[in-house]
Amino acid sequence: MKFVSEYRDPETAKKLLTAIQSITTQPWNIMEVCGGQTHSIIKHGIDQLLPEQINLIHGPGCPVCVTPLQYIDKALAIAKQAGVIFCSFGDMLRVPGSEQDLLSLKASGADVRIVYSPLDALKLAQENPDHEVVFFGVGFETTAPTVALAVHQAKQLQLENFSVLACHVRVPPVMNALLGSEDNTVQGFLGAGHVCTIMGYHEYLPITEQYKIPIVITGFEPVDILQGLYLCIKQLEQGRAEVENQYSRVVTQQGNHPAQQLLQQVFSIVDQQWRGLGEIPQSGLALSEDYANWNAENRFSLASIKTQEPRNCRSGDILKGLLKPDACAEFGKTCTPEHPLGATMVSSEGACAAYYRYRARA
Amino acid sequence: MCLAVPGKIINISGDTPLNRMGKIDFSGISKEISLAYLPESKLDDYVIVHAGFAISIIDQQEAQETLNTIQALDNFEADL
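Just so you know, the sequences run in chain order A and B.
Residue 54 in this note's numbering is what sits at position 54 of the first sequence, and the numbering runs on without skipping anything.
Residue 1046 in this note's numbering is what sits at position 46 of the second sequence, and the numbering runs on without skipping anything.
Worth double-checking, as some hints may not be accurate.
[Claimed, not checked] Output of the computed footprint for chain A on chain B, the stretches with three or more beta carbons under 8 Å from beta carbons of chain A:
hint, stretch
1, 1010-1016
2, 1037-1048
3, 1052-1066
The set of hints was computed from the structure by calculation and includes no laboratory data.
The beta carbon of each residue, even a glycine, is placed where N, CA and C say it ideally should be.
Can you build the whole structure from these sequences, using the hints too?
Shown next as structure tokens:
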């Protein structure tokens, strides 16, 4: 496929690996922020091909993993109600809530549907005027605009039976939070390419300045990731700290303006809880007052929900890069993708699931 | 979750900017995708698609330059 196969070419990858080997003179800790990048790194064995001094830390950029358990419980409480069609991206369905998950709720008869796009949920609402159609809006700045347009269109169409359970999160605040924490070991970042496709990368300039840390906006194919690493290591070795754009075929500094505009119109920036990481200031996107009518939290009674985090799950340490998945005592024993203790094992982009799928049985 | 894939616009429909839709060809499979966020997109553009939305037009010149830069890496040591 054009714009894919050339970025998976083994010869090009080898060239970058040789270059990385020859410029690396000391140990460096580099975090890939995005779960899609983590998946690609583990799938292609990129971490095992790098010089030993390069330690990749898998970041908190998997929305499935960082969505607070309370929201899973809210989703379950809504989906249980009669007359509700509950729509979600597929990867949220197996995330365990305090008592069950959306998939088992579906198996017991609830109308839970996997959709490809929030616009599919909007269409379902138009086709089913007797039902409440609720979309589970989870994801970073890449996904939030898709939900924004669905909500905006619902308002324009005065579609009263559509609402969104929104739990969207922003990347720059979590990078700030990680860098500001006492136990931070991250010395360089691979920035999340598709988040920057929407937002551009001007938001990262103050972060490099404050923390003197290189950030290389990076794509998702093996060649992209190796080139992102090469550029990041080169900056570290030369003592530079800049924002660089490896993914320039897709990302521009200013990003996608129409998407940013609608994002700003439909959502407000709020403080947000992250699973495993706690509350991070200004890191969330909640539906703004103008769209309150389409907020599922206003439409359904959710006050009585009691949330219980599973014991023994160390996904918080995994998300902060303090623990590698296979160093966790539960990994592959009491915690597997079939019976996950926490979200990093559930989502295919979670670091634990990626290790289990590509490493555990190697 | 931020997975996005490249495809080519083979048809455009819709009358208002927010309703603009494109048929996108993903190497043989095609799907109707919202072009609401790419008002400047046109037929034969390659775009990046996420959750039913085209979010960026692929810059073909930049794509080639990225590969050229890697091919020129033989002189990398002189860079440091």
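Going through the hints against the structure:
With 0 residues having a beta carbon nearer than 8 Å to a beta carbon of chain A, the stretch 1010-1016 of chain B misses the requirement of three or more and the stated coverage is violated. Here the stretch 1037-1048 of chain B counts 5 residues with a CB under 8 Å from a CB of chain A, which clears the bar of 3, and the coverage holds. Counting residues of the stretch 1052-1066 of chain B whose C-beta sits closer than 8 Å to any C-beta of chain A gives 11, which meets the bar of three, so the coverage hint holds.
Of the hints listed earlier, the one the structure fails to meet is number 1.
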